[in-house]
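With these hints in hand, go ahead and build the complete structure from the sequences.
In case you want the letters, here they are:
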Amino acid sequence: MKQYLAIHSIYDYIVFKKIDFMHNEKWKSQVRKGVLEFVILLVLQRNEYYGYELIKQIKTLTSIDVSEGTIYPLLNRLKNTGLIESKWVEYETGVPRKYYSITEAGLEAVKSMKVSWMELNFSIQKLMVE
Amino acid sequence: MNIEPKFKEKVSRKIWDDYFYRVNRVIKGLNKKQRSEIDLELKSHLYESFLEREGENEAERLMEAMENLGRPEEFMKAVVSEKILDGSGKSINPKNLLLGILYSPKSTIKMSMMICTLGLGYLVSFTLGLIAVVRIFFSDQAGVFKEPDGGLLIGITGDKLPYQNDLLGIWTIPLFLITAIILYLAVSIGMKKMIKH
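Chains as they are written, first to last, in my numbering: chain A, 340 to 469; chain B, 1036 to 1232.
Hints may be right or wrong, so weigh each one.
What the hints assert, rightly or not - A partial selection of chain A residues facing chain B, derived with a Cβ cut-off under 10 Å:
#, residue
1, Gly390
2, Tyr391
3, Ile394
4, Lys395
5, Ile397
6, Ser402
7, Thr409
8, Leu413
9, Leu414
10, Arg416
11, Gly433
12, Ala444
FYI, nobody ran anything at the bench for these hints, they're computed from the structure. The C-beta atom is built at its ideal place from N, Cα and C for all residues, glycine as well.
Shown next, in the form of structure tokens:
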């Protein structure tokens, strides 16, 4: 009986730990997706970058492990909304690169996003302490 | 502008071509300019990523770069869907809407429901418009009629009904036409918003 209970507890532990881990990963992925547009604008505020370079910058500057392909739909959306713009630069040796830069509207959007982020951060910090 | 890297191994060329065959299959719904821009940007990305990788095996380095970029069937869907909708500008083109739904990164159930709603909405809108047009030529056979047995008939009938039974009279054509247009616009604009969401 004792043996059965022990096995049962281990099983519960593994199953719940697994569910806990899966839920946590899913949540982290959703948060990452949600903030990625904001992160892109913040990085482009520093300089103009081409797609591959932008991903490397995001990986270096943040702990976000961004899947490379996911950046393109976001860049496309930001471009469509006028927050960023792009231009092709051709090199004599090497590959042509599509550079993205932030627009005036993008800079304005970042300002308001920063305020929203601070407010959200403050509320969550408060909730976590209480 | 184009990128066609020179590989040392034949297999690397095969892997490269195969990946871009898949990319072009995903983006085939777009126009030529949009297709070549996406193709070039992904080639540029992949080649940079490939060149930065260290290792003896060329094909392995290329496959690693592709793995990091992801499956084009997955990550390109959202781009294609948005570009199709943007291509239609402010207009609401049924063909673009349908392509937009098909390329949108939504679940199969949600996608099927959207297609059914779009189809049903257009069918009802077309039917209302058709009734209005038929009414112009056959005023006693199309519209809203009270049937002799007390029932209500909305649509087109083979029997000629007396004008006393015609419930809307001269208002039939404008009412049916306006309803058809409003329904068409509501379905199209609503669907466009849903796809973009």
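Hint check results:
{"no.": "1", "hint": "Gly390", "in the structure": "holds (5 Å)"}
{"no.": "2", "hint": "Tyr391", "in the structure": "holds (5 Å)"}
{"no.": "3", "hint": "Ile394", "in the structure": "holds (8 Å)"}
{"no.": "4", "hint": "Lys395", "in the structure": "holds (9 Å)"}
{"no.": "5", "hint": "Ile397", "in the structure": "violated (13 Å)"}
{"no.": "6", "hint": "Ser402", "in the structure": "violated (17 Å)"}
{"no.": "7", "hint": "Thr409", "in the structure": "holds (6 Å)"}
{"no.": "8", "hint": "Leu413", "in the structure": "holds (9 Å)"}
{"no.": "9", "hint": "Leu414", "in the structure": "holds (9 Å)"}
{"no.": "10", "hint": "Arg416", "in the structure": "holds (6 Å)"}
{"no.": "11", "hint": "Gly433", "in the structure": "holds (9 Å)"}
{"no.": "12", "hint": "Ala444", "in the structure": "violated (17 Å)"}
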